[in-house]
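Turn these sequences into a full structure, and let the hints steer you where they fit.
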Amino acid sequence: MTVTLFIPCFIDLFYPQVGVAMVRILERLGHRVVCPEAPACCGQPAFNTGYWDESRAVAEKVLEQLKDAEVVVIASGSCGAMMKVFYPDLFVGTPHAPLAKAVAAKCYEFSQFLVDKLGVTDLGARFPHKVTYHDGCHSLREMQIHTAPRKLMAKVGGLELVEMKQTVCCGFGGTFSAKFPAISTAMGEVKCDLALETDAEYLVSIDSSCLMHLQGLIDRQGKKLKTINLAEILVQS
Amino acid sequence: MSERENIFTRIREALSVAAPGPGRHPGETRKPASLPTPADHRRVLPAVGTSFEDRVALFAKNSVELRSDFKLCQDQLELVTELKKRRDAEGWTRVASHKGPLTDAGCQALSLPVLRTDAAFDKVELEKCPVGISECDALIAQTGSVLVTSRSAGGRALSVLPPHHVVLARREQLLADLPAAFEMLKKKYGGDYPSMISFITGPSRTGDIERILVLGAHGPKKLTILCV
Amino acid sequence: MSTAAAQFRQDARRLTADLRHRQLIQTALGKYEVKRDENKALFQDYEGARQFAAETKWEAINHLDQYLDQFVRGLEARGTKVHWATTAQQARDLIVGIVRGKNARRIVKSKAMTAEEIHLNEALEKAGFEVVESDLGEFIVQLRNEPPYHIVFPAMHLSRGEIKDVFQKKLHDAPSDEPEELTMVARRVLRQKYLQAEVGITGANFAVADTGMISVTENEGNARLTAALPKTMITLLGIEKIVPRLEDLGLFLPMLATVGAGQLISGYNTMYGGPRQPGEADGPDEFHVVLLDHNRTAILADAEQRDALHCIRCGACLNVCPIYRNVGGHTYGTTYPGPIGGVITPHLRGLQEWKHLSYSSSLCGACTEACPVKIDLAHHLLQNRRNATRQKPSGWQKFAFKLFAPVANGRVMWMLVTKCGRIGQKLHPLLRGKPLDPAYCWTKTRDLPPIAPQSFKEWWRTRA
Chain F
0 MTVTLFIPCF
10 IDLFYPQVGV
20 AMVRILERLG
30 HRVVCPEAPA
40 CCGQPAFNTG
50 YWDESRAVAE
60 KVLEQLKDAE
70 VVVIASGSCG
80 AMMKVFYPDL
90 FVGTPHAPLA
100 KAVAAKCYEF
110 SQFLVDKLGV
120 TDLGARFPHK
130 VTYHDGCHSL
140 REMQIHTAPR
150 KLMAKVGGLE
160 LVEMKQTVCC
170 GFGGTFSAKF
180 PAISTAMGEV
190 KCDLALETDA
200 EYLVSIDSSC
210 LMHLQGLIDR
220 QGKKLKTINL
230 AEILVQS
Chain R
0 MSERENIFTR
10 IREALSVAAP
20 GPGRHPGETR
30 KPASLPTPAD
40 HRRVLPAVGT
50 SFEDRVALFA
60 KNSVELRSDF
70 KLCQDQLELV
80 TELKKRRDAE
90 GWTRVASHKG
100 PLTDAGCQAL
110 SLPVLRTDAA
120 FDKVELEKCP
130 VGISECDALI
140 AQTGSVLVTS
150 RSAGGRALSV
160 LPPHHVVLAR
170 REQLLADLPA
180 AFEMLKKKYG
190 GDYPSMISFI
200 TGPSRTGDIE
210 RILVLGAHGP
220 KKLTILCV
Chain H
0 MSTAAAQFRQ
10 DARRLTADLR
20 HRQLIQTALG
30 KYEVKRDENK
40 ALFQDYEGAR
50 QFAAETKWEA
60 INHLDQYLDQ
70 FVRGLEARGT
80 KVHWATTAQQ
90 ARDLIVGIVR
100 GKNARRIVKS
110 KAMTAEEIHL
120 NEALEKAGFE
130 VVESDLGEFI
140 VQLRNEPPYH
150 IVFPAMHLSR
160 GEIKDVFQKK
170 LHDAPSDEPE
180 ELTMVARRVL
190 RQKYLQAEVG
200 ITGANFAVAD
210 TGMISVTENE
220 GNARLTAALP
230 KTMITLLGIE
240 KIVPRLEDLG
250 LFLPMLATVG
260 AGQLISGYNT
270 MYGGPRQPGE
280 ADGPDEFHVV
290 LLDHNRTAIL
300 ADAEQRDALH
310 CIRCGACLNV
320 CPIYRNVGGH
330 TYGTTYPGPI
340 GGVITPHLRG
350 LQEWKHLSYS
360 SSLCGACTEA
370 CPVKIDLAHH
380 LLQNRRNATR
390 QKPSGWQKFA
400 FKLFAPVANG
410 RVMWMLVTKC
420 GRIGQKLHPL
430 LRGKPLDPAY
440 CWTKTRDLPP
450 IAPQSFKEWW
460 RTRA
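Residue numbers (numbering that gives the first Met the number 0), protein chains in the order written: chain F, 0 to 236; chain R, 0 to 227; chain H, 0 to 463.
Fair warning: there could be bad hints in the mix.
[Unchecked claim] Distance condition first, Cα-Cα at most 27 angstroms in a straight line; then the derived DSSO-like pairs of lysine-lysine: (1) R:K221 / H:K34; (2) F:K129 / F:K150; (3) F:K66 / H:K30; (4) R:K220 / H:K163; (5) H:K80 / F:K100; (6) F:K164 / H:K80; (7) H:K433 / R:K127; (8) F:K178 / H:K163; (9) F:K178 / H:K443; (10) H:K80 / F:K223; (11) R:K60 / H:K30; (12) H:K30 / F:K164; (13) H:K39 / R:K60; (14) R:K60 / H:K34; (15) F:K225 / H:K443; (16) R:K220 / H:K34; (17) R:K122 / H:K30; (18) H:K169 / R:K220; (19) H:K401 / F:K60; (20) H:K425 / F:K222; (21) F:K222 / H:K443; (22) F:K178 / H:K230; (23) R:K122 / H:K80; (24) R:K122 / H:K230; (25) R:K221 / H:K163; (26) R:K83 / R:K70; (27) F:K164 / H:K433; (28) H:K230 / R:K220.
[Unchecked claim] Covered stretches of chain R, going by a simulated chain H footprint (3 or more residues, C-beta under 8 angstroms): (29) 7-14; (30) 68-76; (31) 116-129.
These are computed hints drawn from the structure, not numbers from a lab. C-beta: ideal position from N, C-alpha, C; glycine also.
Following this line, the structure appears as structure tokens:
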């Protein structure tokens, strides 16, 4: 297959290793990977803030770049939700509506793509550490991703997964983290406490945007926890 | 235009635009199928066994959790014995009650002055009664509830003002579940309902202070159900 | 920023830093969660029940004129006096008028969020009447001159010590701080109020159209007493409380109790169809029902958000909302907190003034998942944001987002951003964490990740 990989802005700038890992994994599985140079953004910040016209301007470019793709894999559940779930809503009643629907239909988040589309769970990876897993809200509730990452982790050599006792939002929420920093921080603290209770060494997620917020808190407060994207684990042998 | 007409006009105008069906996405105005029936409700609500024994067992189990004092009596004699036991344990000097086959027999056996709530009565006197004895319309196994109405249970206040409410019920009154109770109400009273219908589930309770359970917040602190 | 928004931020900042408060709420809600899940598990098909509940309310709300008419005719046929109020002021005036008309002085009240919404108590007290809240939690916050903290648990935020203190101060009767003893004090005081009050005011959880009855859910028995003893009974409710048939309560009563309070069914669920009827020995001589619009028809007209009127006021969305759990009920500064409050308050009280309640959400979607009638809560918050910016866009934000398109979409622009970002990061330590820091909203409490020495796109370009 030719896989068109969509790399959102924060992966590009802050966590390129996540994108690199995804390219390596997909190529190892025998697929050709293409990565559009631009755009870098799915348009979610403007959409979430209520500026749907401005969001559409960004999203239209994305749709144009992806319209001929065989399949689109997105390196984030949050951006994935924007493209798969919200693009059809965003373009309702506009000339781009059919294209938005068509592109949405071929979008997958990375772990979802491996497990649900390719039927692959064992990548021969090895990561002998105790980890706990954070379900990003858009991944969990908009894209319905829950079992795919867990199936992949189950096949990682030496990995011990301990679940947190509660599933709750980490407090990032995109622009929310900047608009309501006090609440966002409190929510992040609650999340970190839940993770620390599991005694895990690593906090894993498919959403580096959530991890960016949590790692920021961990570093500032000197907590004994490390964050890592699932792709970074899966590429390790 | 009256306020009523104003409101109805706004409602009709609003409803001239269709809303999406119960689901999520705009652009989908799927109308739902016809309304769920009591049989549909029964299928999704907690399960209740079909036999009387199953239902009694479930009612008894719920009563324990609710802290209701429930006793299945073999016969009228046992019912009267149980009534007298409670009279003696609590030292009742008078009771409040209403006319009915079970309550008449019960009050007679107790040999105490009775304040009757069938005709006009003094609510201050009712407040002083230690116990209100009533009949009911049904017992509901699924929830451990007692179904009373202002017609079957001596009015509105009798079953809630005295600190102890005693319910005298017949075993045929034990229904399986809430859907059955509503079906029964419609059949029994349809067209001429009592002004009050109440599902009583356990004694009065509150968790308003630190989520700690306290019984007898305003209504009865004790609920006794004697079923014969 | 509106005054309400500024107050919200101030209170949120204070309460999110209050770890004692955080612990109190987490503990209270933790207990509720255990019981909720136990009772949910008893359902044979809880998700099926949600779908039935959603379809039933959809039918009721989308044929509201028909069912409301049926409801009122049923009530009036048995002697109930029905009144209509478009505005909060009209509702207040109607109720004050009814009370005056009875030459009454003392009123006992059971819990009604709608009464909070129209600030009824204030109006009654100003008119010279004594109003006593009978629900224990409401009674306590009334003594403290506070609004309720949670729509189901008004005094969730208070410790037994604080309750003892206010009982001592206002009632001069507080033997200890044991919940049982404090409750008995309230019971003693309120019993006299029920007996003496000439008027009882209640809310309603549901309005049953086919039999013309209101339905009231409670655990304490205080609403039962409010509806039994005073000579005049007044019920205030929103027009959206309609359910089509009596048997619909067989589904709604257990669902309300399960997610609202973690019980299979509440202690007292009572249907009232009129004043005292011929043959009945007690009950009110007069029964008045006041139907309130107060912008519910505006929500009805917004077809996209019409399902917000399906709300049965259970509180399930509050209980799961991570924002609510950290800022608490009072921070919202309005009658309906949490996600449902974020959705409807802009409609009820003004979009520009209250849009911040729609913005102060991470859109996690836990509310949508928890709602027993499947209201699309999280998406409605997004829609409110869109409506707010359409109505009154913020100049600089609109400009910034307009700028973002060519920057994020342009190959060259993005390269420029990457390179400038790296330079900016080198200079950032000088300003980091200080109020002049452009990233202050982040760096006040969190570190920023460094921009990678080689971005993904730069690496990708080297492969070509």
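Against the structure shown, which of the earlier numbered hints fail to hold, in ascending order? Hints 3, 5, 6, 7, 8, 10, 17, 22, 27, 30 not satisfied by this model.
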